[in-house]
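Spelled out, the chains give:
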Amino acid sequence: MSEKFIELFKETLEIEDDSVQLNTEFRKLSQWDSLAFLSLIAMIDEEYDVVIEGNDFKKLITVGDVISEIEKR
Amino acid sequence: MALLRYIGVGIRGLSAAVPRTVIKNYEYTTYFPAEEVKLVVDKIGIYERRFADPHICSSDLCFAAAEKLLEDLSIPRDEIDLLVFVSQTPDFRMPATSILLQHRLGLSESTVAFDLNLGCSGFIYGMSVIYAMMERSGLRRALLLDGETRSRIYSPKDRKTAFIFGDAGAAALIERDDLFGESFFSMNSDGSQEELIKMSAGGYRNPTTTETLKERVVDEYGNIRSEEHGYMNGSDVFNFVISRVPRDIKAVINYAGTDIAALDYFVFHQANDFINSYLARKLKLDPDKVPATIAKFGNTSSVSIPLTIVSELQGKLAGKKLLLSGFGVGMTWASAVIKFTDCFISDLVEI
Numbered sequence: 003m004s005e006k007f008i009e010l011f012k013e014t015l016e017i018e019d020d021s022v023q024l025n026t027e028f029r030k031l032s033q034w035d036s037l038a039f040l041s042l043i044a045m046i047d048e049e050y051d052v053v054i055e056g057n058d059f060k061k062l063i064t065v066g067d068v069i070s071e072i073e074k075r
Numbered sequence: 092m093a094l095l096r097y098i099g100v101g102i103r104g105l106s107a108a109v110p111r112t113v114i115k116n117y118e119y120t121t122y123f124p125a126e127e128v129k130l131v132v133d134k135i136g137i138y139e140r141r142f143a144d145p146h147i148c149s150s151d152l153c154f155a156a157a158e159k160l161l162e163d164l165s166i167p168r169d170e171i172d173l174l175v176f177v178s179q180t181p182d183f184r185m186p187a188t189s190i191l192l193q194h195r196l197g198l199s200e201s202t203v204a205f206d207l208n209l210g211c212s213g214f215i216y217g218m219s220v221i222y223a224m225m226e227r228s229g230l231r232r233a234l235l236l237d238g239e240t241r242s243r244i245y246s247p248k249d250r251k252t253a254f255i256f257g258d259a260g261a262a263a264l265i266e267r268d269d270l271f272g273e274s275f276f277s278m279n280s281d282g283s284q285e286e287l288i289k290m291s292a293g294g295y296r297n298p299t300t301t302e303t304l305k306e307r308v309v310d311e312y313g314n315i316r317s318e319e320h321g322y323m324n325g326s327d328v329f330n331f332v333i334s335r336v337p338r339d340i341k342a343v344i345n346y347a348g349t350d351i352a353a354l355d356y357f358v359f360h361q362a363n364d365f366i367n368s369y370l371a372r373k374l375k376l377d378p379d380k381v382p383a384t385i386a387k388f389g390n391t392s393s394v395s396i397p398l399t400i401v402s403e404l405q406g407k408l409a410g411k412k413l414l415l416s417g418f419g420v421g422m423t424w425a426s427a428v429i430k431f432t433d434c435f436i437s438d439l440v441e442i
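For the record, the sequence lines run as chains A and B. The numbering used here puts the first residue of the first sequence at 3, with every later residue one more than the last. The numbering used here puts the first residue of the second sequence at 92, with every later residue one more than the last.
Keep in mind that the hints were calculated from the coordinates and are not lab data. Among the clues, some could well be false.
Derived CB-CB ranges, DEER-like [as the list claims (entries may be wrong)]: (1) 223/B x 6/A: 19 to 29 Å; (2) 93/B x 31/A: 40 to 50 Å; (3) 283/B x 48/A: 25 to 35 Å; (4) 35/A x 411/B: 51 to 61 Å; (5) 117/B x 16/A: 32 to 42 Å; (6) 297/B x 71/A: 33 to 43 Å.
Taking lysine to any residue and the SDA-like style, the derived pairs with C-alpha atoms no more than 20 Å apart in a straight line are [claimed, not checked]: (7) 341/B x 14/A; (8) 30/A x 48/A; (9) 373/B x 39/A; (10) 61/A x 310/B; (11) 61/A x 314/B; (12) 60/A x 129/B; (13) 60/A x 334/B; (14) 251/B x 6/A; (15) 411/B x 269/B; (16) 30/A x 310/B; (17) 6/A x 38/A; (18) 387/B x 405/B; (19) 134/B x 41/A; (20) 12/A x 310/B; (21) 375/B x 74/A; (22) 129/B x 10/A; (23) 375/B x 48/A; (24) 341/B x 37/A; (25) 251/B x 32/A; (26) 61/A x 284/B; (27) 129/B x 50/A; (28) 248/B x 35/A; (29) 134/B x 14/A; (30) 159/B x 197/B; (31) 251/B x 44/A; (32) 30/A x 314/B; (33) 61/A x 326/B; (34) 134/B x 42/A; (35) 375/B x 50/A; (36) 375/B x 61/A.
The beta-carbon is built from N, C-alpha and C at its ideal position, and this holds for glycine as well.
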């Protein structure tokens with residue numbers, strides 16, 4: 003799951019290097035903005051059939067946190 | 092679950108009016124650099140919008156649309172017994188704009204007239220209210236007028252909303268006739284989500300002061316607005332919409348005893364192309380069945396559904412079954428399955 007998610011995450015944010023790891027704080031990435039957030043929500047819904055509501059999403063800091071949240075549902 | 096079924100009421104004619112002034116989004120670069128604008132515009136798929144001149148209100152757009160429709164169909168004014176005006180940009184706080192339109196359109200004093208204060212789901216809510224009243228005996232014809240000047244609500248210095256909204260007005264003539272058959276509605280509301288799209292000040296909870304009118308930087312991106320500008324938390328709205336709207340659409344289609352494949356057109360509130368394309372993909376809809384005006388008129392709130400029908404489906408509606416879906420500020424969301432029988436569509440009016 004982790005490896006596939008990171009691939010999809012990079013594709014969504016158009017990141018081509020290896021800068022994304024489980025402990026990456028995604029809001030600190032230079033590619034992160036509100037449009038990237040939209041694309042990420044869409045990707046998670048499309049690939050995992052999971053919608054993480056705004057307030058829950060705010061608590062997620064790292065890429066690993068997002069993966070755990072998806073796995074919880 | 093608010094599911095409603097009506098029999099023998101339908102839309103006899105539909106018209107819409109847009110302002111002449113075209114705003115080209117790629118060139119809307121007063122406050123943001125062109126390359127940043129292009130990124131946003133390409134993502135939301137809104138290339139042009141219409142802005143009303145300062146002296147034009149949403150009621151003027153509706154008036155133009157209604158005049159055109161009543162003339163095209165040669166409807167005697169004294170046969171209209173009900174007028175509902177849907178808007179969140181009325182002429183005055185009081186009286187209600189519908190009353191002013193009753194007089195302006197030359198309707199009789201015995202006309203029932205009132206306003207509905209709703210955003211993007213408003214046309215469907217308005218239809219449902221009128222259908223319910225028209226099912227009773229006593230009212231001969233009804234006008235649903237739906238207008239917005241959303242371009243005035245949002246700050247041009249807030250990139251979250253600066254490129255999205257436009258102005259328009261629409262008029263629907265609603266009548267009773269067995270040929271219309273059955274119509275099905277689902278309507279919903281969730282006030283716990285009031286913060287997703289809002290104008291915080293200028294009403295009676297937070298009245299206007301010099302402070303509420305002051306523009307200030309509101310976030311880490313440097314967006315600027317006052318408390319009397321509207322704001323929208325786009326990503327939370329998107330989240331909300333994808334978790335509620337497809338479910339509601341399936342519910343109303345199920346309630347109507349039909350299925351997605353049996354419907355001819357799906358007319359969504361034109362929010363932005365990102366949301367609209369995503370909804371169509373998620374519901375696995377044939378793109379040919381999903382007319383869109385988001386690229387040329389932007390988001391006109393509640394007007395976007397009738398505007399899209401007038402602009403894109405003129406001459407294509409005979410005997411067709413449509414799914415309508417509106418969602419937004421409140422939050423509210425509504426869906427309907429309606430059959431179009433012999434519905435006249437006026438040419439789009441520009442004023």
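**Item:** Assessment of proposed distance window 19 to 29 Å (beta carbons of residue 223/B, residue 6/A)
**Value:** violated (50 Å)
**Asked** Is the straight-line distance between the alpha-carbon of residue 12/A and that of residue 310/B 20 Å or less?
**Response** violated (26 Å)
**Request:** Sort out whether residue 314/B lies within 20 Å of residue 61/A, counting only the CA atoms.
**Result:** Given pair residue 61/A, residue 314/B is violated - Cα atoms ~23 Å apart, limit 20 Å.
**Item:** Verdict for residue 297/B, residue 71/A (Cβ pair) under range 33 to 43 Å
**Value:** holds (35 Å)
**Message:** Given the hinted pair residue 375/B and residue 50/A, is their Cα-Cα distance within 20 Å?
**Reply:** holds (16 Å)
**Request:** Would you check the hint for residue 251/B and residue 32/A, treating anything up to 20 Å between C-alpha atoms as holding?
**Result:** holds (19 Å)
**Item:** 20 Å Cα cutoff - pair residue 411/B, residue 269/B
**Value:** holds (16 Å)
**Proposed proximity, residue 50/A with residue 129/B (alpha carbon, max 20 Å)** = violated (30 Å)
**Request:** Given the hint that residue 60/A pairs with residue 129/B, test it: the Cα-Cα distance must not exceed 20 Å.
**Result:** Violated - the C-alpha atoms of residue 129/B and residue 60/A are around 28 Å apart, more than 20 Å.
**Asked** Quick one, are residue 30/A and residue 48/A close enough, alpha carbons at most 20 Å?
**Response** violated (24 Å)
**Message:** Given a hint of 51 to 61 Å, does the C-beta separation of residue 35/A and residue 411/B actually sit inside it?
**Reply:** Violated - the Cβ-Cβ distance for residue 35/A and residue 411/B, about 41 Å, lies outside 51 to 61 Å.
**Request:** Would you check the hint for residue 134/B and residue 14/A, treating anything up to 20 Å between C-alpha atoms as holding?
**Result:** The given pair, whose Cα atoms are some 13 Å apart, holds under the 20 Å limit.
When each numbered hint is compared with the structure, violations occur for hints 1, 4, 5, 7, 8, 11, 12, 14, 20, 21, 22, 24, 27, 36.
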